[in-house]
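If you follow the hints, you should be able to join the two separate chains into one complex; please do so.
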Amino acid sequence: MNAAGIIFSNLHDNKITELTRQRTMASIPFACRYRLIDFALSNMVNAEITNINVIAHYNYHSLMDHIGTGKDWDLARRTGGIKILPPYITAYANTSNNLYNTRLEALCSVIHSIRHIKEDYVVLSDCDVICNIDVKKLLEYHVDYGADITMVVKRVMHTEVCPDTDVLIESDEDNRITDIYSSNNLPKGPLDACLHIWVIKKDVLLMAVNDALAHGYSSFNFDIIAKNLKNWNMRVYRHTGYSAKITSFTNYFATSMSLLADPEIRNGLFSIRNRPVFTKVRNSAPTKYVQGSSVSNSLIADGCIIEGTVDNSILFRGVKVGHGAVVKNSILFQDTIVSDNAFLNCVVTDKNAVIRDGRILSGHETLPFYIDKGRMI
Amino acid sequence: MFKKKECVAMLLAGGQGSRLYTLTEKTAKPAVPFGGKYRIIDFPLSNCINSGIETVGVLTQYQPLVLNEYIGNGEPWDLDRVYGGVRVLPPYQGHDGAAWYKGTANAIYQNINFISRYDPDYVLILSGDHIYKMDYNAMLQYHKEHNAACTIAVLEVPLSEASRFGIMNTNPDGSIYEFEEKPKNPKSTKASMGIYIFSKKILFDYLIADEANPESSNDFGKNIIPAMLKAGEKMFAYDFSGYWKDVGTIQSLWEANMDLLGEAPAFNLHDRDWRIFSRNNPTPPHFIEKDAIVDNSIVTEGCTINGVVKNSVLFNSVSIGKNATVTDSVIMPGVVIEDGATVEYSIIDNDTVISSGTHIGAPKDKAKAITVIGSNLIITKDDNIGVGDMVNASSLSK
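These protein sequences, in sequence, are chains P and C.
Note that the numbering used here has the first sequence beginning at 1, numbered continuously upward.
Note that the numbering used here has the second sequence beginning at 378, numbered continuously upward.
Just chain C, with the same shape it has in the complex (with noise of 0.2 Å):
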């Protein structure tokens, strides 16, 4: 009865995001909030499903609470399905013995079980840290004509930017004949966007071999792209044009956000042709009141705004005191603005209350960092944040 599947998606889901600091205390990097009403996991899952890939393994280890809640039997992104659909695949105890997810390539050897159920020609492998709208399926096509053992997504990036990134330098007709990760003197701007498409039987071959490798760091980068260059496997780049972002920091993460405002954003989440699925919460619609200002803004349903909002990202069930104002700023779910607070230049995880008087943060031009204060805290002008602290719990009590 067993169908058998094309493509299968795997998502590696496991990172902490340390970089996000308290944002991702308690939750794992893909489950951090995006955009108003998004997470970043649900970029990769509506590429998927709009792309018709309909098997995906989201690989979880760290903090995976929020996440599994979140993706459940995978329907708002319609994959909840009788046969694939999406599956949360966490680290497992075997036979041999339990072990974390060593490595990228580890987590996919760990689950070479669950690739298999499927019989797939094709294995997708995606992160769960950039926000981007792509067609898996057009690259899909691309590895197919090349008969490519590997394909690799790249983007094009500014050479001055190129040696943050694992570099693929290319013959012209796309074929790739090296890698360099963060390369000093980059030949190339064709930058990794981390997302690679192998054809199975080669994968599972380089993954067992790097597996029986104990000097291996079991990485796709570090170790299994290297080797198969090494062996002169057939592999290929495939350009991507668009928008695409890293958000693994706290200044890439708010730049995103930024980055949906104005009248042509950089990146357009009204796009009904390549919708971004997510699971809404029954809260009623937004309310303004008289005298409130929302300028630039995108505001989300449940929120209550009495006071001025400039250039802010405003997620679900927030609400804006009288008097009170956030300029240059994303405000998480279930913050409580009160009457006559100011937020500047800041990032406000979700449920925490700004008392009334207290000021975050300063404007953009003039703050060092952005500010950013963690969940389900109460800040008080006692506290003194400073402009750039990073506030959690156990520092507000020091």
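This is chain P alone, in the form it adopts within the complex (with noise of 0.2 Å):
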């Protein structure tokens, strides 16, 4: 496919604090063996994208151990492949090092690798958001339509926005976007919320860009799209399937806790033929389940030891549950312990986490109990 990828790893981390603390919001660990960008990226690499730049900021090491060589995508390429740009610091004295903030000033901060790009397209995704989408027909229809940009959006009840950082996008009868905006008094009925997937000619990506630079423009929708209505051919494209937005860390609760609930959005993320979710393999053994344990609604990832009880719970790689332990309505990430006879509901524990014989610790579903990396109980 004539078309390119660049992700933005770092975008809305401060929408969810606790779980970007030590990391970006692209590496926070969703359903038991996948980070964010892993939708991202397999997204793009489902549709034949090669050459993809992920634009990192801080808190990135966690993304670079999880990307490695790329190989788990197939992006370990002799030509193209996965590539992070971290931040630019010039070492010569007064030159100002100015870290971007907004996504228009990431894109400038990296005009040099995007004047590299040998593709037409290029297709730009952040990482809150939770999909399986065909990103080869959205192509398709971008170039059918000739479009300078395309937005993917999703169709929403007003009620469903999250006003504070939702971009809506009003469009005519042929997907033409007539308006872009972002606002607490929103019209009631039926409204396109963005998908932060975009498809842009990289003539324009480059063109935008550069006179972002010129004028000191920062915001890509305000600056760039609204300001071009008139002048530019910009589309949107209706996301039917399954999505989800990360907007804070009960709505990431929430959102992990609905693939327990809902066939329909394990199936519209994992079992679409020929769209896999690449992740990085890690070699865990199967998961045990010895005798007397107990296991219901739950998603378990490999590498786990089950002797006591978990209920509707998600289970990270290497979890491990002991005997006469309880664990409902919680999400335990990679390698935490849960010892002999402790009891956690609507917990989350982060990676490596310890919960002593005993412990009894417990969230409500609105406010779950978040254990920091590391952290012994």
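Hints may contain errors.
[As the list claims (entries may be wrong)] The list that follows gives simulated cross-link-like pairs (lysine-lysine, DSS-like), each with its CA atoms no further than 27 Å apart:
| id | chain 1 | residue 1 | chain 2 | residue 2 |
| --- | --- | --- | --- | --- |
| 1 | P | Lys83 | P | Lys136 |
| 2 | C | Lys380 | C | Lys578 |
| 3 | P | Lys328 | C | Lys578 |
| 4 | P | Lys328 | C | Lys745 |
| 5 | P | Lys15 | P | Lys328 |
| 6 | P | Lys280 | C | Lys382 |
| 7 | C | Lys745 | C | Lys775 |
| 8 | P | Lys137 | P | Lys118 |
| 9 | C | Lys382 | C | Lys510 |
| 10 | C | Lys611 | P | Lys328 |
| 11 | C | Lys577 | C | Lys510 |
| 12 | C | Lys741 | C | Lys699 |
[Unchecked claim] From the derived model, a few chain P residues whose C-beta atoms are all more than 12 Å from chain C:
| id | residue |
| --- | --- |
| 13 | Val290 |
| 14 | Ser294 |
| 15 | Val295 |
| 16 | Asn312 |
| 17 | Arg356 |
None of these hints come from the bench; they were simulated from the model.
Think of the CB as a built atom: it goes at the ideal place given N, C-alpha and C, for glycine as much as any other residue.
Put into structure tokens, the structure is as follows:
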């Protein structure tokens, strides 16, 4: 496919500070064995996009560790493949080293890499949206319309919109974008919310970035798209399959739990023919259930040892649940140890957390209890 | 630019494994799935990389397609190297014509050129039909300390079973004075594990001599080892203790899978100091439904369990329907057990469908043998599969 990819790994970190204290939005663990970037990467790889740049800002060690050479996504390539672009800090005196804050500033900071893109189209994607979308179809749509920019949107009711952060799009019957806005004062009824995936002609992207550099623009949506509504051919593409946008920690918890409640959601993400979700392989043994264990309505990765009771929970790789322990409505990240007779309800444990014998912890679904990385309780 | 390698491993993976019947109909024995997410060959390959042996020749002959594809460039075992790494070595056509591998020794003889490229001092000979974790480097140190021509790994077996194995009779210092293949009255209980380390030059001498002998069946156990003993070469037995299982029969393959279950399993796969590597699939985590029961079993990614699973090993992407029951069984990748079906004391090969309401096998204490269902079949009630049957496509069509 004649397209390259650019992924923004840090843009929404501040929405979910618990999980991004030591990682990027892109490397937030999700659904037992994935990181959020796996969805953006797999969407591109499944559309035969093999030249992908990942723009990083800070906290990107976990991201680099996850991506490695890119071989797990078939992106360890002689030509193209995956590249992480960390902030470029120059050592010369008297030059300012401004770290970017917005999407447009991020693009400006990697203008050299954009110039080197040989493909005619570029797919831009954030990491806060979880979906399995047919990017090949999206690109065909973009080319058929001869569009300069195509924005992926999702039709939602005004009550579902996150007023502070969601960007809303209005379009005419021919899918041409007529207005773009974010507002606390929303009109009632169905609206199109931006899903943080765009297709843009490479030349248009370069023009936009040069324009932004010249004028000091900082917002992709309001300085570039909104200002060119009349000049450019910009369209919306409605994604009708499953998608979720992570907007807060509570929302992360609810989105994870919805995987357990609804097989349609699981299938809409993981069981689409020819569009698997790729992730970094870890050589864990299969999960072992010992005599007397009891598990129901749970998603469980490889490498776990389960001796106690697990109900309505998500267990990442290498989790151990001891004898008599009860894990309910919880999300346990990689290598969490729940010792004998402990009780957890609505808890999210980060990597390598240890819950000692007999501890009783409970949050509520509206305020899940978070235990940070490596913490022993 | 070529670097010398101290030790090169040669893995004999060409055997048909005819005692695994339908499981090896389209697959070489080393590629038979094992333990939820592995294939048998993962064990010797992982042992190699964990022992620091980074050059491995895999000798293939019988049904190599799946095996070749599985090994690929060796990346899952970190054996994709600029120099060395894993190489698949099928029989080839040479200047003097083409020949199949006639025996284990002949297979190595035909690949003397491969070994010579790395100029090793030692050659490790392995086979692809055992489940075990072993540090080959410790054995190599033992071989070097004893300045041996050949070191053979041995395992203590019960005297009652010794007559099923090749038995090494040793002196107190560990040197071997006699080798008996399946002796009626065993003098020792040290059974050969089919793992040999040879000093390269001596190995080559004996391989060349053996090839020149038209009477020879070109086999390590039958020809090379006896010839070396007869000539008085320094040969030592290396004692191995730990789990080791030949999975060459349906019964032993089933037993080895069951040895993974329980709190203190006979064979522990959750050992982070000696990981077993395998080629992984991009499958989602497994899902256990509300009313499912999973007891004393191992389950792999991609499975969906709605029914009851007891004392069983489930490979990736197995689906178990509502009110279906799986007990004492090994269910290979992609198998679908439909609602209300029952599987007891059986091995079901990959991608087979057991239709709703079908009953396969019988309780373990009542069944005379393990029921084996081949791959890519659709089994219905009307097929009347008997307890202990071996079912494949051709037997099903009858």
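Hints, one by one, checked against the model:
With a C-alpha separation of about 21 Å, the suggested pair lysine 83 of chain P and lysine 136 of chain P falls inside the 27 Å cut-off, and the hint holds. For a cut-off of 27 Å, the pair hint linking lysine 380 of chain C to lysine 578 of chain C stands: about 18 Å separates their Cα positions. As the CA atoms of lysine 328 of chain P and lysine 578 of chain C are separated by approximately 63 Å, the hinted pair breaks the 27 Å bound. Our distance criterion of 27 Å between C-alpha atoms is broken by lysine 328 of chain P and lysine 745 of chain C, whose separation comes to about 43 Å.
Straight-line distance between C-alpha atoms of lysine 15 of chain P and lysine 328 of chain P comes to about 26 Å, which keeps the hinted pair within the 27 Å bound. Under the criterion of a C-alpha separation no larger than 27 Å, the hint pairing lysine 280 of chain P with lysine 382 of chain C is inconsistent with the structure, at around 31 Å. Note on lysine 745 of chain C and lysine 775 of chain C: the hinted pairing holds, with a Cα-Cα distance of about 23 Å set against a maximum of 27 Å. Of the supplied pair hints, the one linking lysine 137 of chain P and lysine 118 of chain P holds, its CA atoms being roughly 21 Å apart against a limit of 27 Å.
With a C-alpha separation of about 23 Å, the suggested pairing of lysine 382 of chain C with lysine 510 of chain C holds against the 27 Å cut-off. This hinted pair does not check out: lysine 611 of chain C and lysine 328 of chain P have alpha carbons roughly 63 Å apart, beyond 27 Å. Only pairs whose Cα atoms come within 27 Å are accepted, and lysine 577 of chain C paired with lysine 510 of chain C is accepted, the gap being roughly 24 Å. With a CA separation close to 23 Å, the supplied pair lysine 741 of chain C and lysine 699 of chain C stays within the 27 Å bound.
At roughly 5 Å from the closest C-beta of chain C, the C-beta of valine 290 of chain P falls inside 12 Å, breaking its exclusion from the interface. Taking the minimum C-beta to C-beta distance to chain C, about 8 Å, the non-interface status of serine 294 of chain P is violated against the 12 Å cut. A Cβ of chain C approaches the Cβ of valine 295 of chain P within 12 Å, the least distance being about 5 Å, so the stated non-interface status is violated. Against chain C, the non-interface label of asparagine 312 of chain P is violated: not every CB pair exceeds 12 Å, the least being about 9 Å.
The beta carbon of arginine 356 of chain P sits about 20 Å from the closest Cβ of chain C, which is more than 12 Å, so the claim that it is off the interface holds.
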